[in-house]
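**Student:** So you can see what is in the structure, the chains are spelled out below.
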Amino acid sequence: MSLPATDTFTGTDGTSPPNANWTNQDIGVAIKTNAVTSASGGSYGFSYWSADVFNNDQYAFCTNVGGQNGGPVVRASGTNNAYFLDENDSGGSNTYLFKRVAGGYTVVQTFGLTFAGGDVGKISVSGTTIKCFKNGAQIGTDSTDSSLASGSAGIMSLTASTLPAQDSWEGGNVGAAAAASLLVPPPMARIPTLLQC
Amino acid sequence: MRAVRTFVFAAVSVLLFAASAAAQTEMRYYVVPRSGTGQFPTPYEPKYFNQFADPSALPFVGTMDYGLENVFLVAADLTPAQHTAVTANADVLAVPSPIDANVSALALPTVQAKLEAGNIPADWVTTAMTYQQVLSRVLRLVTLMQRFNGLFGRLFAGGATLDTRINQLPVNARNALVSAAQSLGADTSTIQGTTLLRTALVIVADQLFPSGLPFGGVTF
Chain A
1 MSLPATDTFT GTDGTSPPNA NWTNQDIGVA IKTNAVTSAS GGSYGFSYWS ADVFNNDQYA
61 FCTNVGGQNG GPVVRASGTN NAYFLDENDS GGSNTYLFKR VAGGYTVVQT FGLTFAGGDV
121 GKISVSGTTI KCFKNGAQIG TDSTDSSLAS GSAGIMSLTA STLPAQDSWE GGNVGAAAAA
181 SLLVPPPMAR IPTLLQC
Chain B
198 MRAVRTFVFA AVSVLLFAAS AAAQTEMRYY VVPRSGTGQF PTPYEPKYFN QFADPSALPF
258 VGTMDYGLEN VFLVAADLTP AQHTAVTANA DVLAVPSPID ANVSALALPT VQAKLEAGNI
318 PADWVTTAMT YQQVLSRVLR LVTLMQRFNG LFGRLFAGGA TLDTRINQLP VNARNALVSA
378 AQSLGADTST IQGTTLLRTA LVIVADQLFP SGLPFGGVTF
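Protein chains in written order, with the numbering used here: chain A, 1 to 197; chain B, 198 to 417.
Extracted from the complex, chain A is given alone in its bound form:
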C-alpha cells in the first residue's frame, strides 16, 4: 500500500475492523451500508489505517453520512491515543476537537456548528498545531497540543450501529498530494481547499 490511503468501506454490514488495512481502538468502527459506524452504537469507536506508516505530520478527512456523529482521526496509536474531529456530538448539536490520551478524553476546542450529510470533515496535525476543516474551510482557530507526537490517521463514530455515519475516507501525510479518487465526489468548489493541510 502507499499513502495517501483511501477507503469507501464497501463490504458486509457489521465487519469490524472494516477490512485488513484497519486496526480497531476500543470497540472500533464497523461497516454499515457501505459506510462505517460505531461497532457498538452509543460507544466511541475508533479504527486507524495500519497498512502504512504515516509521517508525524498527517491528515485525514471523510464525508459525513446523514448528519450522524463521527469524523476523521489523526495520530492514533496503541489502544487509547488519538486526536479526533467529533462531528455532531452532544445530541447532534455541536462539533468538538478532542484528544484521547491514555484513555482519557479532553476537549481541545468547541466549534459551535454541525455537519450535514455530504459535508467533509478534515483534521490535520503538523508539529503541535492541529487544524480542523469543514468542506475545506478551517473552523475555529489553530489548536496547540503536544500530548501525541506520532501515530496513524483513522476514523471514529459514536453513531448507533444501525445507521451509517462516515464514508469516503482518506488519510495521508501533510504536504503529500491527495488521492484523486476521493476528490471527485465533493462539489467542485471544495476541491482546491480540500488539498490544504
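It should be emphasised that the hints constitute simulated quantities derived from the structure, not laboratory data.
Predicted, not measured: the structure shown is a model, and the values here were computed from it.
Yeah, the Cβ is synthetic: ideal placement off N, Cα and C, and Gly gets one too.
Please note: incorrect hints may appear among the correct ones.
[Said to hold, decoys possible] Interface residues of chain A toward chain B, partial, derived using beta-carbon atoms under 10 Å: (1) 90; (2) 94; (3) 96; (4) 104; (5) 108; (6) 144; (7) 146.
Starting from the known structure of chain A, arrange chain B on it as the hints suggest.
**Tutor:** Same frame as chain A, but now just chain B:
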C-alpha cells in the same frame, strides 16, 4: 422619502448597536481548575468553560490542559459581565488586560500562589515581567507537561512536588521527562540529578517554540 430616511436611520442604528455590542467582548486569559472525569459524558474540560458537559457554560476560543494536573489555561472572548462572573470564583486566576502590563506588586503573591497551587513553577515571576511574558513561559511549561502525559502519565504523583529533585523521581518518570523534553527539541544536558523539578521544567520550557506558540488566535 421620509420613510426611506427613517428606514436608513433605523438600519444604521441597528448596525451601530450591533457593532457596539460586539466591541464589548475582549480576549481574556484565565487559569482555572479542571472539570470532568476524563470519560464521557464528562470529559476533561476547563471549569466554568465546560460546554460539553454543560452547554450553558462560558464559551472559549482556546484551551490547554497542564497534563493530568488540575489546571487548564483558557483563552476566551468574553463580555465584561461574563468576565466579572468568572473572576468571582476564588479558584480562577484571571490575567489582567492589557496583557503587556507588568505584574503589579499587589498581584504578584496571588499569581505565584495560584500557579504553584496547580504545580506550575512560579517563583520566577517578578514585577519586572509583563503578564504576556508570564503567559508565554507558562504556555511552554504546559506543552512540556502535555508531552510528558502522553509518554508517561502524571508527573506530580506519589508525593512529587515542584521541590522534588530530579534524582528523587522514579527512574521511569525521570526517563519519560527527559524523553518529553528532547522530543520537543530541548537540550537537557544542563539538568543534573540534584536539579529541582521547578528549575528543570523552566530550563526546558525556555527552549521550546522559539518562533512562537499559538494560543487562542494569538502567538506567544
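**Student:** Hint by hint, which ones does this structure get wrong, listed from lowest number up?
**Tutor:** none
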